[in-house]
Amino acid sequence: MLDSFIPSWAELLRFMPEIILSLVGSLLVMLEPVTGPKSKSMLGHVAIAGLIVALGATFVAHANPGAAFSSMIVVDGFATFFRVIVFTVGILTIFSSYQYLDREGSNRGEYYALILFSVVGQSVMVVANELIMIFIGLEISSIATYVLAGFLRDDKRNNESAIKYFLLGSFATGFLLYGIALIYGATGTTDLGEVRQAVLQSAEPPVLLLSVAAGLMFIGLGFKVSGAPFQMWTPDVYQGAPTPVTAFMSAGPKAAAFAIFLRIFVTVFESVGDRWEPLIWASALASMTIGNFAALQQKNFKRLLAYSSIAHAGYVLVALTARSEIGTASAMFYLAAYALMNMGAFAVIAHVAGKGETTVDVSDFAGLGAKQPVTAALLTIFMLSLIGVPLTGGFFGKFYIFKAALESKLLWLAILGLLNSAVAAYYYLRVLVVMYMEEPSARTENLEPMPMSLQAALWLPAAGVLFLGIFPSAVLEFASASARLLGQ
Amino acid sequence: MNGVPLSWYLVLSAILFSLGVAGFLFRRNIITIFMSIELMLNAVNLTFIAFSYDLRQVNGHIFTFFVMVVAAAEAAVGLAIILTVYKNRGTLNADDVNSLRF
Amino acid sequence: MDHILSIVLFTPLLGLAVLLFIPSSNTAAIRWCANAAAFAGFAVSLPLVFAFDPALDFQFVERLSWIPSIGASYHLGIDGFSLLLVLLTTLLGFLAILSSWTAIREREKEYYAYFLVQQTGMLGVFMARDAFLFFLFWEMVLIPMYFIIAIWGGPRRSYAAIKFVIYTLVGSVLMFLGILALYWQHFSEFQTYSFAIEDLMRTQVPASMQWWVFWAFFLGFAVKVPMWPFHTWLPDAHVEAPTAGSVILASILLKMGTYGFLRFSLPLLPDSAKDPQVIQIVAGLSIIAIIYGALASLMQKDWKKLVAYSSVSHLGFCTLGIFALNPAGIAGSILQQINHGISTGMLFLVVGIVYERRHTREIAAFGGLYKIMPVFGIAFLIATLSSMGMPPLNGFIGEITILKGAYQTSLAWAVWCAIGIALGAAYLLWLYQRTMLGDVKETNSGLTDLNAREIAVFAPLVVLVFLIGLYPKPFFRVLERPTAHIVERVRPGYHAEHRLVNPLEAPRPTAGLER
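If you read the protein sequences in the order shown, they are chains A, B and C.
When the letters of the first sequence are read in order and numbered with the working numbering, they come out as residues 1 to 488.
When the letters of the second sequence are read in order and numbered with the working numbering, they come out as residues 489 to 590.
When the letters of the third sequence are read in order and numbered with the working numbering, they come out as residues 591 to 1105.
Bear in mind the hints are in silico, worked out from the structure with no lab data behind them.
Hints are supplied without guarantee of correctness; some may be wrong.
[As the list claims (entries may be wrong)] DSS-like, lysine-lysine: derived pairs with alpha carbons at most 25 Å apart:
# : chain 1 : residue 1 : chain 2 : residue 2
1 : C       : Lys1063   : A       : Lys299
2 : A       : Lys355    : A       : Lys299
3 : C       : Lys1063   : C       : Lys994
4 : A       : Lys371    : B       : Lys575
5 : A       : Lys156    : B       : Lys575
6 : C       : Lys1031   : C       : Lys891
[Claimed, not checked] Covered stretches of chain A, going by a simulated chain C footprint (3 or more residues, C-beta under 8 Å):
#  : stretch
7  : 81–88
8  : 180–186
9  : 336–344
10 : 445–453
Glycine is no exception: its CB is placed at the ideal position from the N, C-alpha and C atoms.
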């Protein structure tokens, strides 16, 4: 009896990345009081080192796949894929934060600890194979991110962003949890595998209860991934939060939320798929349309990218609507590409924003092409990838998604989605127009050179975006193989 | 509990949950909004307990503890955020905390 | 010779790699490097002329697996049609860069970089044998042209550039949807993923689906050509673009649209393409384009806009020839595409030269230029005569062949064509008269004639004008097989029915069907 409480070595190995990050995060909190005010960046370096070690541990864990802790978590290709995404997002966030925090005079150790804790939460979400585990991971991630969104305590915009993110986030959690409770009631278990078996094998599955549960979880997760009609918090929160945190929020928590979206909806709810498909169909279309058309009118670059993130959530929802292996694989690929290109774009904003984020309008980027051609060229790569121009990761992401949609006979959704992406080109290109064709603004005229850390936060995603655009094969095959296992 | 069918508990928790949602949507004071969210979570707790009792399992009880712990952590962070908002703005009316979107 | 297409394709990018290492302050080195790269690109394409065997179909084929999971491959190959367009691209790409020597004075490094990237993209479009690769290059052309217009363009460049991109992007998205539909149809028939055009060609596409896919392709290509009523981006883009951008846009980019019709719409969707209703619609739009373009040209006060509208009219001939669906119409159309590339390229260069000297393009501001710029006057005259289809120049050969093809299909078409040719002569000669003849205006008296570099830009084009005009036989010879393939694909047994020699059954043992 006691044996079953002592985890085996293999089980620990499968959970090692989370253990490492929790320990490093706690270490940072303890180190914070004893580090001098000038050397807080050291703590950031420690955090990056922790994330890199965790990345290594992820691959070790992947070499020993399987369930752990009474199948509370499961290490499969799907989990590994998303772990790599969220850890990479964590590393890039910290790289783009040093300069920003120094400029705002808030370079404090708990920032890095909070990033790590949030990443741990996301990592737990993506490996969880049990609904309560998913809930706990989601909350670890969310609570840390609420604090990060309001990290500059005395900044009113930060306050507002944090309070909105907190209220809407908790509200969404309530729905998700209610859905979990109903699944538990309907099947008597919260283990995803068992729930699935129970649904499949029962003579009369409790369709009504499951449909209501699916609906509630859809609302909860819809908020988390900012899919329409639950997208209204996104622009305010993204605009108000510190730029590196915005980058983080738009990539990490979103990818993890989509991961559980995929895990729950393609396993547990597959048998009631006909009932939720129209819901997601409509949500996908509404997200793309609202996001793209609202973004057309934005002047603030962060707000523009917030609306664009709604539109991109719509594209991923198209992949979910496809309800197929290839749909799942394409969603995974897209989220990887999206995380990279968005992180890169926000890193440029963090550079140009200036103290107190006074210069984050698109017009403040005027003349960047002449003043810092390399920065401008990298931003161009990210913008082109967001449009979905060939040879960038964004293109292949969209391609796989619409291919999946067509194979699932979602002709109209594919056509409307593709037309949407042509509309989107307008506002991304406007950024390039301003950047290359207008006279330098007051800000770009006196732009400080880019520090090494921020360069890393730009070059790494740029390389990643181009790699996914030119040699997508390996990543796609990994995603397909993982999706195949997930569906079984 | 003898004689009280499961559905009564479920209906009660559904009503409580809906009250929470309504409070979230229609109240303007941030503290009240926050309390509405707590009400939603507790409605879910009731659902868990009711199911757990009906299924003769202990799992649901444990989940309730988890939810309570998480809710407490959330409350700690949430109240801190609400406090900073009050400090910087001197108001807790949700409509006044709307300076973005320029 | 195994990798000659790859070499031709990537020479501009190789030049770009060198260019990137030159500091942007050293403008002379940048110019030399860009010109050298473009010239090298032209030089390496010349062996194609001699190695190409007109009795074979796709040649110099290269095929490498690229993304096996979706069946996309790096698959190149050219037939006679592609060959002509590839050569036109390498030549005009070089001349466009050469013509920018003094015209571009700011941010030269970026300027030449965009041209070189674009060059590779255009060549890729004409070489790709894989629909996915084709689309990739198609989009790759778009972005550099956007920047070329948006950065070095005229006062309304921002508007023009965005309009160009949005139009083309919407079109290409629909085209891509068409490709995906065929790809999916191929998969459901053969259970293997492949984007290879020859594989897609073997797919049996149901009639209703063909109809949809045809119009999806049609919109994509029609925007690019551009056919009336999708042409409105063209005058804006041309007027605002720098000279070299206009030259590339008119000479090469527009041909991507007609190339798409001949490479995708007709062979892949033969049933829709020969549907009388479809032909009526497309021919109707082409005739409207011919007449509308010509009338609009007559009314223009801006020299460049006039040339831009003349493109709409000329491309109308090309699309009409294509949808005549007979060997004469298609071969004439292809030849006319090449001719248009040469003559309109020259006309845009002409505008660029006066604009560089006078900084205005208003026709009324000129007059009597022939007296002060005689060499320029002769070059312009040749371009004008070639463009209006004067025998024995190249335009005549192209237009008369299209006329023949149109006549075989419908007398009415031929009549409209003839009206279009007459109108073309009118607006071109009137333009020449207003700008070159008459009294010299005082403001123009100080203009200098062409210098050696500018003559070097015109010389190869003038040679081609006379070569195609006087000795078109080799051009028709390389087009025989591609044309016959398309005609036989759309209307099987056409050659036998009309007692024509079918070049596909020519007594050459090496001549096999495609693959």
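Hints, verified against the model:
1. A threshold of 25 Å between alpha carbons decides the hint, and for lysine 1063/C with lysine 299/A the separation of about 59 Å lies outside it, so the pair is violated.
2. Annotation: proposed proximity of lysine 355/A to lysine 299/A holds, straight-line Cα distance about 19 Å (limit 25 Å).
3. For a cut-off of 25 Å, the pair hint linking lysine 1063/C to lysine 994/C stands: about 17 Å separates their Cα positions.
4. Pair hint lysine 371/A plus lysine 575/B does not hold up; C-alpha atoms about 41 Å apart against a cutoff of 25 Å.
5. Only pairs whose Cα atoms come within 25 Å are accepted, and lysine 156/A paired with lysine 575/B is accepted, the gap being roughly 10 Å.
6. Proposed proximity of lysine 1031/C and lysine 891/C is supported: the alpha carbons are some 17 Å apart, at most 25 Å.
7. Requiring three or more residues with a Cβ within less than 8 Å of a Cβ of chain C, the coverage given for the stretch 81–88 of chain A is violated, as only 0 such residues are present.
8. Check on the stretch 180–186 of chain A: 0 of its residues sit with their Cβ under 8 Å from a Cβ of chain C, so the three-residue criterion for coverage is violated.
9. By the rule of at least three residues with a Cβ nearer than 8 Å to a Cβ of chain C, the coverage given for the stretch 336–344 of chain A is violated, with 0 such residues.
10. Remark: the stretch 445–453 of chain A is not confirmed as covered by chain C, as 0 of its residues place a Cβ nearer than 8 Å to a Cβ of that chain, below the required three.
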